[in-house]
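Add chain V to chain D, keeping to what the hints say.
In the order they appear, the protein sequences are chains D and V. So in this note's numbering, spot 53 of the first sequence is number 53, and the numbers just go up one at a time. So in this note's numbering, spot 22 of the second sequence is number 22, and the numbers just go up one at a time.
Derived by calculation from the structure, the hints in this document are not laboratory data. Any given hint could turn out to be false.
As the list claims (entries may be wrong) - For each label pair, taking beta carbons as the anchor points, the in silico distance ranges come out as:
# : chain 1 : residue 1 : chain 2 : residue 2 : range
1 : V       : Q121      : D       : I318      : 52 to 60 Å
2 : V       : G254      : D       : E200      : 32 to 40 Å
3 : D       : F4        : V       : D110      : 14 to 22 Å
4 : D       : V243      : V       : K69       : 58 to 66 Å
5 : D       : I318      : V       : S120      : 52 to 60 Å
6 : D       : R241      : V       : S134      : 51 to 59 Å
Built from N, CA and C at the ideal position, the CB exists for glycine as well.
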Amino acid sequence: MKEFLSFIKKEFRHIFRDRRTILIVLVMPIVQIILFGFAVSTEVHDARVDVVGDLADPSVRQTVARIDQNPYLHVTAVLGSVAEVAERFRAGKSDVAVCFERNFDERLRHYDKAFIRILGDGSDPNTAQMIVNYVNGVLSTVQSELSASEGTQTASFPHVQYMYNPAVRSSYNFVPGVMGLILMLVCSMMTAISIVREKESGTLELLLVSPIRPVGVIVSKAIPYLALSLINLVTILLLARFVLGVPLRGSLFLLAVMSVLFILASLGIGLLISVVSATQKTALLISGMGLTMPTMIFSGIIFPCESMPVILQYVSDIIPAKWYIIMVKKIMIEGVGFSYIYPEFIILLVMTLFLLVVSVRLFKRRL
Amino acid sequence: MGAIEVDEVSKRYGTCQALERVSLDIRAGEIYGLIGPDGAGKTSLFRILVTLLLPDSGHARVEGLDVVKDFMAIRRRIGYMPGRFSLYQDLTVAENLDFFATMFGTTVADNYENIREIYSQIEPFRDRRAGKLSGGMKQKLALCCALVHRPTVLFLDEPTTGVDAVSRKEFWNMLYRIREAGVTILVSTPYMDEASLCDRISLIQQGHIIETGTPAAIVAQYPHRLFGVSGHPAYPLLKYLRRRNDLLRCFSFGSEHHVAVAPGTIAPDELQTQIRAAGFSDATVHEIEPNIEDCFMELAKKERQKA
Numbered sequence: 001m002k003e004f005l006s007f008i009k010k011e012f013r014h015i016f017r018d019r020r021t022i023l024i025v026l027v028m029p030i031v032q033i034i035l036f037g038f039a040v041s042t043e044v045h046d047a048r049v050d051v052v053g054d055l056a057d058p059s060v061r062q063t064v065a066r067i068d069q070n071p072y073l074h075v076t077a078v079l080g081s082v083a084e085v086a087e088r089f090r091a092g093k094s095d096v097a098v099c100f101e102r103n104f105d106e107r108l109r110h111y112d113k114a115f116i117r118i119l120g121d122g123s124d125p126n127t128a129q130m131i132v133n134y135v136n137g138v139l140s141t142v143q144s145e146l147s148a149s150e151g152t153q154t155a156s157f158p159h160v161q162y163m164y165n166p167a168v169r170s171s172y173n174f175v176p177g178v179m180g181l182i183l184m185l186v187c188s189m190m191t192a193i194s195i196v197r198e199k200e201s202g203t204l205e206l207l208l209v210s211p212i213r214p215v216g217v218i219v220s221k222a223i224p225y226l227a228l229s230l231i232n233l234v235t236i237l238l239l240a241r242f243v244l245g246v247p248l249r250g251s252l253f254l255l256a257v258m259s260v261l262f263i264l265a266s267l268g269i270g271l272l273i274s275v276v277s278a279t280q281k282t283a284l285l286i287s288g289m290g291l292t293m294p295t296m297i298f299s300g301i302i303f304p305c306e307s308m309p310v311i312l313q314y315v316s317d318i319i320p321a322k323w324y325i326i327m328v329k330k331i332m333i334e335g336v337g338f339s340y341i342y343p344e345f346i347i348l349l350v351m352t353l354f355l356l357v358v359s360v361r362l363f364k365r366r367l
Numbered sequence: 001m002g003a004i005e006v007d008e009v010s011k012r013y014g015t016c017q018a019l020e021r022v023s024l025d026i027r028a029g030e031i032y033g034l035i036g037p038d039g040a041g042k043t044s045l046f047r048i049l050v051t052l053l054l055p056d057s058g059h060a061r062v063e064g065l066d067v068v069k070d071f072m073a074i075r076r077r078i079g080y081m082p083g084r085f086s087l088y089q090d091l092t093v094a095e096n097l098d099f100f101a102t103m104f105g106t107t108v109a110d111n112y113e114n115i116r117e118i119y120s121q122i123e124p125f126r127d128r129r130a131g132k133l134s135g136g137m138k139q140k141l142a143l144c145c146a147l148v149h150r151p152t153v154l155f156l157d158e159p160t161t162g163v164d165a166v167s168r169k170e171f172w173n174m175l176y177r178i179r180e181a182g183v184t185i186l187v188s189t190p191y192m193d194e195a196s197l198c199d200r201i202s203l204i205q206q207g208h209i210i211e212t213g214t215p216a217a218i219v220a221q222y223p224h225r226l227f228g229v230s231g232h233p234a235y236p237l238l239k240y241l242r243r244r245n246d247l248l249r250c251f252s253f254g255s256e257h258h259v260a261v262a263p264g265t266i267a268p269d270e271l272q273t274q275i276r277a278a279g280f281s282d283a284t285v286h287e288i289e290p291n292i293e294d295c296f297m298e299l300a301k302k303e304r305q306k307a
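Excised from the complex, chain D in its bound form (with noise of 0.2 Å):
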C-alpha cells in the first residue's frame, strides 16, 4: 500500500512539474469547452436575404417584412428578376434568395395557391439548408397568419419544433462531444505518455527490477489521471452549465457514474498504446492519427454517423466515446433514467473491460 501512494505521489510530481503537461491536462480541457461552445458553432446568425419579387404587393410586402424580423434573418436587397441571384451568390453578397411568384397576392386570394421560391447557397451545403429551414419556418408563419385571416383553408404547413433544444444550439451537441474527447485525450495519450517517457528514460527498466507487480505500475499511472479527469468533468459541466447554458436534466450521480465508466475505457485504450509505442513521439501519433481524430470523426461530433456509409457506421460502433456521447447526450439534454441508456451502458461496459484485461494482460514484466 505504502508503494502505491508513494508511486502515485510520484506521479503527480511528474504532472505538476512539467508545464506542458498541466496545459494539456488541466487548460486544454477549459480552452475547448470554450471554443467549442462559442466560436466553433454551426448556428447561423444574421443570414442575408434577397428577395425577388414586387414589393407594392400587400402580401410579399407582408412577407418580407416577417422574414426581415427574425433575428437570424435580414433582408439586403430586392432584385428585379431571378437571374441576378446567381451574380449575388457568386459575389458572396447574399446567402439564400426568396423569390415570389408575379401577381403574388391576386392569385393567392382567387386560388388559394401562390408559389414561392427560395435558393440556397449550396456550395455550402450545411449552412446553406439551415438558412433554408429558417426562411421556412417564417414563411409557414406567414402562411398561417394569412390564412387566419382571410379565413380560408389552406394546405396546412407544418410547425417544426426542436425537444429538448427549442433554439437549435449547437453547443447542446458540442458540450458531450467535447467532454467525450477530453476525457479520451487526457486519459488515452497522457495515460500511453507517461508510462512511455519511462521506457524511454529506462526507468521502466528500473521499475520492473524493483518487487512492484506491473498491475501496481498500471494503477499506479492510471489513478493521477483519473484523478485529473474527475477534475475536468466536473469544470467541463460547471463551464456548460453556467457560460454556455447547457441544461443538466438528468442525475449527476448517473453521469459520473457513465464519466467514470468510460474514464476507465481511455486508461485501457491509453494503456494499450503505451504497449505497442516504444517512443512518446509513436506515443503521440497513435493518440492523435489513431485516436482523436477517428473520435472526432466517427463519433457523432461533428458529422452524424447515421449519414455515413453503413461500412463507417459500423467502424463507428467500436470507438467507445461514441457510446459515451450518446449516454451523456441522453442524460444530459434529455433528461432520461438508467433504463433508457442501458444498451449503450452494457456496450461500454463490454469494450472497457476487453480493454483493461488485454493491456494489462499485454504489459510485459519483462523489457
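For chain V alone, coordinates are given in the frame of chain D:
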C-alpha cells in the same frame, strides 16, 4: 555455490547473435568485471541476469535462484544500475531515493547506514532535481538507489561511462567498501584500465567469453614480449613498424606504440637502433609489462582467427 552462475546462455536478436553459449561462475563477495567493447553483449547478459530478458537457451542462477522461474525472488534481492542514467530527472535527489526505497518495501532511514558513505556526498544537493546533477553525482545517486534496499548482489552496467577520472576513482573505492559488506558485484566496463581493479574478470567479444581469470593471471598468460616504442612523427613510425614483418603486432596506445615480438627474436636496443637508422632519430624502445588491453587485443585476434 557461486553467487551468479551462468551456464551456456545464448541470446539472439533477429540475425544478431548477442550472446553465444556464455558461461560464468561468480563467487559470493567478489567484484567481477565483464570487460568488452560496445556491442560485445554485456548489457544483454546483464538484462538476462536481472530477469528483464529471457535467454534463448542455457540457464542462469543468481544466488541459486533461476532467472526464469524465480524471477520475482531474484528481483527482491538484487540491485541494478542500468547503463544509462535511469532515474527521474524531474524528481529531486531525495525524492528519487525515497521512491526507490519504498518500491523495495523499505525506507531511507532504515538503510541509511548502508548508503551513508555515498549518500553523504550528494546529501547537500538533496533538493536539487536529478536532471541538474553532474555526471559523477548522478552516478552516485544511481548507486544509492540501487543499494538502498540492501541487495546481496549488485549489477552495475557500465557505471563509469561518461564519468570523469576523479569520480571514477572514487567510484571504485566505493565498490571496495560495498564488497566489504559481503555484496557480490558484477560490473561491466568498456575501459580496460578498470579491469585490473576487479577481483576476477571475463573478457567478452561479440557474444563470446574469450578469457576468464584474475587480471594478474590473464596478464601473465600473455605469450609475447612487449616493447613500448615512442618517437616522432608518430603515425609514420607506426606505419614503419607495421611494415616490418619480424614484429608480431603494433598498436597505437596513447603516446606510445605497443609492439609485440616473439620471445628471443629481437632485443629492445637492437630494435631502437634499427628504428633510428630508418629516420626516426628520437625513437626510444623499452620493454614493458603487458596490460589487460594488450591481452584483450591478442585474445580477440586469436578468436577472430579461430572463427
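Against the structure, the hints come out as follows:
| no. | hint | in the structure |
| --- | --- | --- |
| 1 | V:Q121 / D:I318: 52 to 60 Å | holds, 56 Å |
| 2 | V:G254 / D:E200: 32 to 40 Å | holds, 37 Å |
| 3 | D:F4 / V:D110: 14 to 22 Å | holds, 19 Å |
| 4 | D:V243 / V:K69: 58 to 66 Å | holds, 60 Å |
| 5 | D:I318 / V:S120: 52 to 60 Å | holds, 57 Å |
| 6 | D:R241 / V:S134: 51 to 59 Å | holds, 53 Å |
No hint from the list above goes unmet by this structure.
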